[in-house]
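Please construct the entire structure, taking both the sequences and the accompanying hints into account.
Here are the chains, one letter per residue:
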Amino acid sequence: MNNIIKRYIPQILAILFVVLIFGFLTLNAQTNMDNRGIDFGFGFLSQESSFDVQFSLIEYSGSDSYARAFLVGLLNTLLVSFISIIICTILGVIIGVARLSSNYLIKNSAAWYVEFFRNIPLLLQIFFWYYAALRALPMPEKADAWFGVTYMTVKGYYIPAMVWENLNVFLYCGLAAIIAIIVLRNYANKLRDTQGKQIPVLLYSVGLLIVLPLLSFLLGGVSLEFEIPELKKLSKISYIYEGGISLPPELIALVLALSLYTSTFVAECVRAGIEGVSKGQKEAAASVGLTPNQVLKLVIMPQALRIIIPPTTNQYLNLTKNSSLAAAIAYPDLVLVFAGTALMQTGKAIEIVSITMLTYLTISLTIAAIMNWYNKKIEIKEK
Amino acid sequence: MFKLVKQLTSLVAMFAVLFAFSTETMAAKKSKTLENTKKRGFVRCGVSQGLPGFSNADESGNWTGIDVDVCRAVAAATLGDATKVKFTPLSAKERFTALTSGEIDILSRNTTWTLSRDADIGLTFVGVNFYDGQGFMVRKGSGIASTSEFKNGTSVCTNLGTTTELNMRDFFDSKGISYEPVVFEKADEVVAAYDAGRCDTYTTDKSGLAAQRTKLSAPDDHVVLPETISKEPLGPVVRQGDSVWEDIVRWSLNTMIEAEEYGVNSSNADMMKTSNNPAIKRLVGAEGELGAAFGLDNDWNLRIIKQVGNYGESYKRNIADTGILPDRGPNELWTKGGILYVPPAR
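In the order they appear, the protein sequences are chains A and B.
In this text, residue positions in the first sequence follow the working numbering: the first is 6, and each later residue adds one.
In this text, residue positions in the second sequence follow the working numbering: the first is -14, and each later residue adds one.
Treat the hints as calculated values from the structure; they're not laboratory data.
Among the hints, a few may not be true.
Unchecked claim - Covered by chain A, according to a simulated footprint, are these stretches of chain B (three or more residues, beta-carbon under 8 angstroms):
{"#": "1", "segment": "76 to 84"}
{"#": "2", "segment": "218 to 230"}
{"#": "3", "segment": "248 to 262"}
Glycine is no exception: its CB is placed at the ideal position from the N, C-alpha and C atoms.
Laid out in structure tokens, this is it:
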């Protein structure tokens, strides 16, 4: 009995304390808002937003609601985070492995890269890529074509748009290919376990991924055409490209800055992970007759990943949160569109800031959950 | 459950604002803001982050501009010294929160008076110190001479959190032109991006365009188009709930405008005490007990005129002489063909 009291009383007091503080803060805010005649409510979300957004993944115009404006900002935040996470992972792995290279030049270039990019404040890097790079880029009419059909200009990167016919058939074929690969892998594993036979799964997988979608073009009535950007005159001296897709320079600058900056941290995680696997493991694996590829794939990487994943998750979370610096260079992310323009037009500071905070919290927790799930999957399964 | 979620959400965000809220209560005839200002010894004034002619700081940190002068007038009236003002530079996005949370007591930052701002968000507009309208700036070489020459795909640089964003949408929508809005938080960033060729045109209030043009690398290569697409009455704002303070700010501004109307300026104000015109005598505190209504002494308006000057002097010093907008246009007195018209001080 005594023990129970000893154990629970401090906890109950702590909870009470937190509840009281929050209660006081709510009450205080409510009184102050009442005094100033500020209403609290989320009704504004269904009102017409009356402002336009530069770049949106979904259909959006000023006659849509604030809720839709929120969605536009959210998708833009997710887009820039997603692209940057992929690029920073690829770069990070390459740089991390390069730091362990025995080649003096590669090793030191990688070290310099890491020290350089991680020691300059991110906001400055964003400004650098935006303003410095922006000024260096040509005006649309003077841009040379990259790969013949894409144009990198001060107003954005123009690429051809894909015009699909029967896109769904194509997607079904892609899906079928993926299912086939999973079945094949399971079968191959079984074959290896029971009969000790190896089949080149990777080769077959790539084959499936190419052949099935290709079949959809030949038999499924799928067709793909490219809409190529064409120069259009706006005034005597100003031009843009019309048709195709335009990636705004704000997006490009932000992705560059975020992925270069975060890749340095990922690189260090990768280096730490690989160095964390003891040399004996590699030697032991080699001595049982595994090929160098198999050593890396079956022995080193599974152990290194266990060390790499948790700190890398942190970096992904940081990147996502850092993407809110987008507001500085006019990339219409959640902070700029919703916590910026929408907040200003409605004046609903508390509501909008809390929605924005909760949204970032949700995104971060989701990323953390996915990474934790992956971490669980690869951790040592003791038998 | 929903209620709980709603309360929780409110809780989280309140943190930021909470500690800024003071426990002000509404007094019937006394102004808490005035009392606090006197205790503190300076007026807390929110201004722009640098808009020549309106509110701009020089290298040594001295603020000048017609928006700045409104705050100086209030300081002269309430504290007896026009220099006792603490200026807080604010972005368009921060300005209203700074005011409602009590970080500043006057927001004098080329802010457009609109219904929703006045009624919705706990603010009160006290008057207009500059009648403006939104316009467009383009490169001279583009040959564009009118907004009707804009074509689909025009990219437009502007500021975040202003009525500009809304007007721009109304304008392009009504003309059926598709455009690309590029929206920055700070005016300097807009100027830099426009200068770099990111945008075909830069839109904001015309006074702002005239002022920002001076910051471009080659100001003469740019031209402001003649059309005005909106009404932008700019004026000082105070928090809702302190009607005495509201009156002080309103009548400080009105005093400056009325002083110009009656020809009272910083150099002749003292002599005007012996004027034959009762209206003038009231303006310089020689007749009536006008200050008592706000809890101020009777020389409050005289100090404004002597230390800050009348509206005409302020305009000339800040906007005309600096070459931003030499022509007063609508910001001329109603007696001289403009629309500056204030209620009588009596």
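Within the assertion that chain A covers the segment 76 to 84 of chain B, do at least three residues meet a Cβ-to-Cβ distance smaller than 8 angstroms? Coverage by chain A holds for the segment 76 to 84 of chain B (4 residues, Cβ < 8 angstroms).
Cut-off 8 angstroms, C-beta pairs, minimum 3 residues; does the coverage of the segment 218 to 230 of chain B by chain A stand? That given contact holds, which follows from 3 residues of the segment 218 to 230 of chain B lying within Cβ reach (below 8 angstroms) of chain A.
Annotated coverage of the segment 248 to 262 of chain B by chain A, confirmed only when three residues or more have a Cβ within 8 angstroms: Since 0 is below three, the answer is violated.
In this structure, the one hint that does not hold is number 3.
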